[in-house]
Each structure stands twice: as C-alpha cells, then as structure tokens.
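Q: Sequence:
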Amino acid sequence: MQGAPQLAAPSVVDVTSAERLVIVGGGMAAHGFCKRVIGSSQRSRFAISVFGEEPRPAYDRVNLSSLLSGRAESELLLSPRDWYEANDIELHTGRRITRIDLDRQQIYDDRGGVESYDHLVLATGSYPWVPPISGSDSPGVFVYRTIDDLEAIQRYVREHDAKTSAVIGGGLLGLEAAKVITDLGLATTILEVAPGLMARQLDAQAAKVLREKVESLGVNVHVTRRTKAILPQDGRLTLQYENAEPTEVDIVLVAAGIRPRDELARDAGLELGPRGGIAVNRRLETSDPHVFAIGECAAVDGHIHGLVAPCYRMADVLAARLAGEQAEFVDSEESVELKLLGVPVITLGKAIGESTSGVVVTHDGENGYRKLILEQGRVVGAASVGEWDDVNLIRMSVAQHKRLWPTQRVRFQRTGMPYAGGTGLQIHQWPGHATVCSCMGITRHQLGLAIADGHSTASQLSAATGAGTACGTCTNLLCELVGEGPEQVNVRGSKVVLVASVLAACLALALFLMPPLPFATSVQDSWRKIDLFWRDGFIKQVSGFSLLFLMLAALVFSLRKRVKRISFGDYGWWRAAHTAIGTAMLFGLIVHTGVRMGSNLNFALSLTFLLLALVGGLAGIASSLESKLSGDSAMFMRAWRPKLTWIHIALFVPLPALLAGHVFSVYWY
1 MQGAPQLAAP SVVDVTSAER LVIVGGGMAA HGFCKRVIGS SQRSRFAISV
51 FGEEPRPAYD RVNLSSLLSG RAESELLLSP RDWYEANDIE LHTGRRITRI
101 DLDRQQIYDD RGGVESYDHL VLATGSYPWV PPISGSDSPG VFVYRTIDDL
151 EAIQRYVREH DAKTSAVIGG GLLGLEAAKV ITDLGLATTI LEVAPGLMAR
201 QLDAQAAKVL REKVESLGVN VHVTRRTKAI LPQDGRLTLQ YENAEPTEVD
251 IVLVAAGIRP RDELARDAGL ELGPRGGIAV NRRLETSDPH VFAIGECAAV
301 DGHIHGLVAP CYRMADVLAA RLAGEQAEFV DSEESVELKL LGVPVITLGK
351 AIGESTSGVV VTHDGENGYR KLILEQGRVV GAASVGEWDD VNLIRMSVAQ
401 HKRLWPTQRV RFQRTGMPYA GGTGLQIHQW PGHATVCSCM GITRHQLGLA
451 IADGHSTASQ LSAATGAGTA CGTCTNLLCE LVGEGPEQVN VRGSKVVLVA
501 SVLAACLALA LFLMPPLPFA TSVQDSWRKI DLFWRDGFIK QVSGFSLLFL
551 MLAALVFSLR KRVKRISFGD YGWWRAAHTA IGTAMLFGLI VHTGVRMGSN
601 LNFALSLTFL LLALVGGLAG IASSLESKLS GDSAMFMRAW RPKLTWIHIA
651 LFVPLPALLA GHVFSVYWY
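No gaps in the numbering here: position 649 of the sequence shown is 649 in my numbering, and each next residue is one more.
Derived by calculation from the structure, the hints in this document are not laboratory data. Built from N, CA and C at the ideal position, the CB exists for glycine as well. Be a bit skeptical, because a hint or two may be false.
Have a look at the derived ranges for each label pair, beta carbon to beta carbon [claimed, not checked]:
id: 1; residue 1: V556; residue 2: A199; range: 51 to 61 angstroms
id: 2; residue 1: S138; residue 2: R282; range: 36 to 46 angstroms
id: 3; residue 1: D103; residue 2: R282; range: 18 to 28 angstroms
id: 4; residue 1: F519; residue 2: Y667; range: 21 to 31 angstroms
id: 5; residue 1: A199; residue 2: D301; range: 16 to 26 angstroms
id: 6; residue 1: V359; residue 2: C506; range: 38 to 48 angstroms
id: 7; residue 1: R200; residue 2: R282; range: 17 to 27 angstroms
id: 8; residue 1: G112; residue 2: Y241; range: 44 to 54 angstroms
id: 9; residue 1: S44; residue 2: K643; range: 53 to 63 angstroms
id: 10; residue 1: S65; residue 2: S44; range: 33 to 43 angstroms
id: 11; residue 1: Q42; residue 2: G342; range: 44 to 54 angstroms
Using the sequences provided together with the hints, build the complete structure.
A: Structure below.
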C-alpha cells in the first residue's frame with residue numbers, strides 16, 4: 001500500500017476533557033493532517049472526528065487511473081479503516097455535511113446528525129468544473145474525479161459498447177482523462193479552448209511538442225476548439241462548436257478544471273477569496289477563530305493551490321499551530337513531474353509568466369523539448385516534454401538557484417544537458433539539501449535520517465517521511481537509496497591512476513618551475529657520470545626514441561575507450577597503464593633534456609608536453625575521485641573531468657608535428 005502508515009498503538013485521549021477537533025473532508029489533505037496531528041506531542045489534547053462524503057477512506061487520487069491496470073482499490077487507500085481506529089480517530093464515511101453553525105460551533109450532516117467542535121478544519125477539496133455547455137448533463141457525459149466516476153465511465157463504456165470519445169480540456173486533468181479513456185480501448189479526441197495543451201504550465205513550443213507526441217500515440221488533438229453544445233441523438237453524442245464542424249462520439253469526458261468546494265463556508269458566512277475558495281491567512285485561519293481551512297478549498301491570501309504538495313504543507317503548518325508552534329504557510333514554486341499519456345512532462349520552479357526578468361534558454365532535439373529559466377544567470381525554473389535523464393541535477397539546480405555559466409548554456413542549447421557527466425550522479429551521492437520528493441519537499445538528508453532510524457525498505461522510508469506518497473515519481477529513487485546503499489564504486493586500477501596522476505601533475509609543475517640541471521664543472525666531478533645522459537649524442541638518441549616509444553604505448557592504451565572494437569581486457573587497467581606510462585615519460589624527459597626547455601621549436605615542444613602531462617594528471621585525479629566523493633564535490637569532479645580530458649586530447653594534437661620538427665632539425669642540422 002503506497003505510503004500507508006503502520007498501525008499505531010492507540011493514543012490515550014480523555015474524551016471528556018479533550019478538545020473536539022472535527023475535520024470536514026475525507027480526502028488526501030484531511031488524511032495528511034490526521035497523520036501529522038497524531039504524530040505531534042499534543043496528540044492527547046484532541047478527540048478527532050473525520051467526516052467524508054465518499055463511502056471509503058482517503059485514497060490516492062493522483063494515481064486513480066492505475067485501477068484500470070488491475071490495481072486493487074484497497075491498494076489505493078492511503079490508510080485502511082483500522083488505522084483510524086488504532087489511532088483514536090472517529091471516521092465517518094458517506095456523510096455529507098450540510099450546514100455549519102458558527103455561533104453554536106456545530107455541524108449538521110445529511111442524516112440529521114449534529115456534531116459539536118472546538119476546532120473545525122475544512123478540507124472539502126474541489127469539484128470538477130463543467131463549462132456552460134448546453135447538454136453537458138446528458139447521458140454519456142461524465143466528469144473524472146473520483147473512484148465512483150471511474151466506475152461509472154467503465155460501466156457506460158461496457159453497456160453501450162462505446163468506441164469513440166471526446167475529452168473537453170487539454171490541461172493536466174484533461175490529459176489524465178484522455179489516458180483513462182484510451183486505456184479503455186476507445187478512440188479519443190482532446191478538445192482544448194487554448195492555443196496549446198497545458199497552457200498554464202507550458203510555453204507555445206513545449207505545448208507544440210507535447211501535442212505532436214500525444215498525436216503520435218493515436219490521440220487526436222484540436223486546440224482553440226470551443227464547444228457550445230452536446231446533443232444526444234440515437235445513443236450517440238453530437239458536439240457542436242463555435243468555430244468548427246460538429247463531430248459525433250459515444251462518450252464525453254469533461255475535464256476542464258476544478259473549483260474549490262466553498263459552499264459550506266459561504267452559507268455559514270465565512271469570508272471567501274476574490275476568486276472563490278475559503279479565505280485564510282498564512283496561519284490557515286478563516287474569518288472565524290475556531291475554523292481553519294486547508295487543501296484545494298483554501299484561498300491563502302487569495303491564491304488557490306491545486307496540487308497535492310502545497311496541500312500537505314498546509315497540513316504540516318496547521319498541525320504545528322494546533323500543537324503550539326509558530327509555523328506559517330509559505331508559497332513555493334509548484335512542480336509537476338508526470339507521465340501524461342505516457343509522455344513525460346516536467347515543470348520545475350518558476351514558469352515564464354511568473355518571471356518578469358527571466359531569460360529563457362531552450363533545447364529542441366530528438367528526445368523532446370527542454371527549457372531553463374534564468375534570473376541574473378541563475379536557474380529558477382525548468383520545463384521539458386520528453387525523457388530528461390539530467391532532471392535530478394536540474395531539480396537541485398532550481399532549488400538552489402545555481403548559476404549557469406555561459407559554456408553550460410551553450411552545451412544545454414546544443415545537447416540538452418548543461419552539466420557534463422551529470423547524469424551518472426547516484427542518489428546516495430546527492431548533497432543533503434537536494435530535494436528527492438518534489439511533492440512532499442523531502443530532502444536527501446531527511447531520508448538519510450529515516451534510514452538511520454531503521455527504515456530499511458522503500459515502503460518503510462515512504463511511510464516514515466511521506467516521500468513517494470503523492471505522484472510516486474520518486475519511488476525508484478527510494479528503491480535505489482535503500483537497495484544499493486551508499487557504497488562507493490570500486491573501479492579497478494583507480495588507486496594506481498590516483499597515485500600516478502598526482503605524481504604526474506606535481507612533477508609536470510615542478511619541471512616547469514625548476515632550473516635546468518647543471519653540467520659538471522670538471523672532468524674529475526662525479527656528476528660528470530650523470531650529465532653524460534644529456535651530453536652524449538648517442539645516449540640522447542636512445543632516451544629520445546625511448547620517449548617516443550613510451551608516447552606511442554600511452555596512445556595505444558588510450559584507445560580502449562575511444563575505439564569500440566577494442567573490448568578485451570578491463571578498461572580500468574587500460575586506463576591505469578596509460579596513466580603510469582604518462583608519468584614514466586616525465587622521468588624520461590628529465591633523462592633526455594636535463595630539465596632544459598630549449599628555445600623556439602624545442603621550447604614549444606617541451607611546454608606542450610608538460611601541459612599535456614599536467615592536464616592529464618588533473619583529469620586522472622578527477623576520474624579517480626568522482627566515484628569516491630559525494631555531494632557538491634562529486635558533482636564538481638563529474639563536471640570538470642570531461643573538460644580536462646578534452647583539453648588533454650587537444651594538447652596532444654600539435655605534439656606529433658612538433659616532435660617531427662624536432663627530430664628533423666636534430667638530424668638535418
């Protein structure tokens with residue numbers, strides 16, 4: 001059961017003296033609030049009652065369509081009924097509250113029941129909005145919001161042998177409804193009044209890419225299509241438009257948006273927001289001191305939140321305030337990470353309309369469309385349509401408002417990936433502040449603390465922290481975290497590479513700064529036996545050609561990575577051999593030159609060789625450490641290692657020509 005809390009020992013609540021905490025609404029926000037209250041230090045103060053309209057406890061509305069793939073309804077429940085009982089929560093399902101008496105502090109239900117309260121929490125959620133379309137109440141026209149709605153749609157399709165359908169609405173709800181109807185085997189047409197799909201989240205180009213991908217799946221999409229009437233005729237439905245010819249379908253789903261359920265508050269005389277919703281401040285207080293509101297029904301300073309993440313944050317704040325803490329609800333950029341009709345759609349941080357001074361950088365490639373929104377050079381928002389392997393790093397960059405350098409912008413525009421080597425960063429290497437679950441705002445540090453407390457499976461980790469209990473897109477990260485663990489990757493030969501690379505980098509720098517080794521001052525000087533290496537022409541030829549041989553050997557050992565046909569042997573040992581030979585060449589250079597850089601052509605050759613060794617050493621250090629480090633340091637190493645490697649290769653390019661010129665000058669002159 002996704003995110004289902006473990007059954008707890010009953011709290012000791014003295015019902016005769018406890019404060020009566022009544023929650024109207026049995027959905028995800030109400031359940032999240034109950035979880036937080038029973039986990040607080042002030043649990044024993046409250047006698048909790050929950051009233052829900054639906055005949056079942058709170059369930060995962062985000063993954064409602066998974067019921068079509070064979071998932072049991074019980075698996076969708078956020079908690080079973082006995083969880084409420086075990087935690088001293090009175091759960092009343094199938095009970096609709098019809099009236100609130102603010103003066104008497106009582107609520108009334110549709111069965112004539114009356115309940116008194118000391119604190120009333122309205123978590124009534126929202127309802128599907130149906131545009132003013134004539135005939136929208138005809139048989140065969142449905143909304144898609146609850147399990148009952150889904151069952152009614154399935155029953156109608158089966159009983160009427162429906163083959164074709166239309167979905168009015170091209171936003172998040174509309175695309176999810178289109179998935180439901182296509183999963184039932186019907187030909188589907190999406191009708192959207194705006195110029196593009198997901199108009200609130202995506203810009204015109206992203207919406208165009210999404211439309212192309214949806215249409216490639218066999219779903220028809222019509223934008224700027226205004227439906228004015230639905231006419232039932234001979235068991236079918238005719239849709240009439242203001243700007244197109246009519247079409248006939250067997251079933252229609254209306255998924256044009258949602259509106260807050262604020263009728264109870266309106267009838268009771270509570271203040272409403274400017275666009276509806278129950279007006280609350282950032283302490284979630286309504287105009288009555290004993291009544292609060294959370295979730296999709298609440299208008300926080302006039303703003304209504306339609307995603308589950310801010311609803312859970314409201315539950316956190318209100319539970320903390322009832323426990324005596326001074327918490328306040330803070331808006332944060334809402335993120336969307338979903339697969340709509342099988343097409344990954346991601347929006348992170350600010351949207352274009354929310355950033356008045358933002359600069360947009362885009363990439364439109366074979367894998368899809370991606371964009372980054374920058375403010376003063378820092379990443380504040382992102383969006384994509386299609387697969388994006390780099391999304392974990394992008395999520396961290398948006399959360400931290402990381403700077404994006406000009407070279408990274410160019411790389412993003414060219415490849416769609418701003419960070420070189422970034423896709424390989426495993427979750428156990430993420431820094432503690434990195435957000436793993438965007439819906440619940442759970443960081444890598446919080447997950448680490450839960451693991452330290454003994455939560456060793458993905459389901460336990462989800463239940464303990466709430467990660468993965470909303471859209472579920474981070475579940476694979478939880479599995480990776482507890483399955484693989486924070487083990488360091490052991491690459492063969494990495495120690496040899498590290499030692500040789502450090503030695504090469506230090507030696508190359510020293511050779512550049514060191515003065516030339518002196519010649520002997522007399523024939524009796526014992527140093528004369530050593531300076532023979534760079535005085536004797538034959539010995540210099542031997543050392544020179546030995547250097548050439550070592551360079552060719554190092555080049556051969558570098559081919560293991562560059563040439564796909566070469567597959568024998570372990571790559572780690574090939575790399576270690578390449579690094580060791582490169583370091584040996586520096587010792588050979590000392591023997592050959594006596595640390596004399598020469599002039600003109602010889603100076604260019606010596607300088608290029610030393611820079612080649614220095615950069616190669618730094619690249620070797622980075623490649624050795626990137627699998628051993630974690631957090632920002634690992635990200636830094638992974639970003640710089642490819643750059644250093646390519647600089648190392650670039651420095652090698654002129655070396656053969658310089659070497660040929662050196663040999664030619666020696667033998668010619």
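Q: Hints first: check each against the structure and report whether it holds.
A: Evaluation of the provided hints:
1. V556 x A199: 51 to 61 angstroms: holds (58 angstroms)
2. S138 x R282: 36 to 46 angstroms: holds (43 angstroms)
3. D103 x R282: 18 to 28 angstroms: holds (26 angstroms)
4. F519 x Y667: 21 to 31 angstroms: Given range 21 to 31 angstroms: holds, Cβ gap about 24 angstroms.
5. A199 x D301: 16 to 26 angstroms: holds (24 angstroms)
6. V359 x C506: 38 to 48 angstroms: For C506 against V359, whose Cβ atoms are near 42 angstroms apart, the range 38 to 48 angstroms holds.
7. R200 x R282: 17 to 27 angstroms: Between R200 and R282, where Cβ atoms are some 23 angstroms apart, the hint holds.
8. G112 x Y241: 44 to 54 angstroms: For Y241 against G112, whose Cβ atoms are near 47 angstroms apart, the range 44 to 54 angstroms holds.
9. S44 x K643: 53 to 63 angstroms: holds (59 angstroms)
10. S65 x S44: 33 to 43 angstroms: This hint holds: roughly 40 angstroms between Cβ atoms.
11. Q42 x G342: 44 to 54 angstroms: holds (46 angstroms)
Comparing the model with each numbered hint stated earlier shows that all of them hold.
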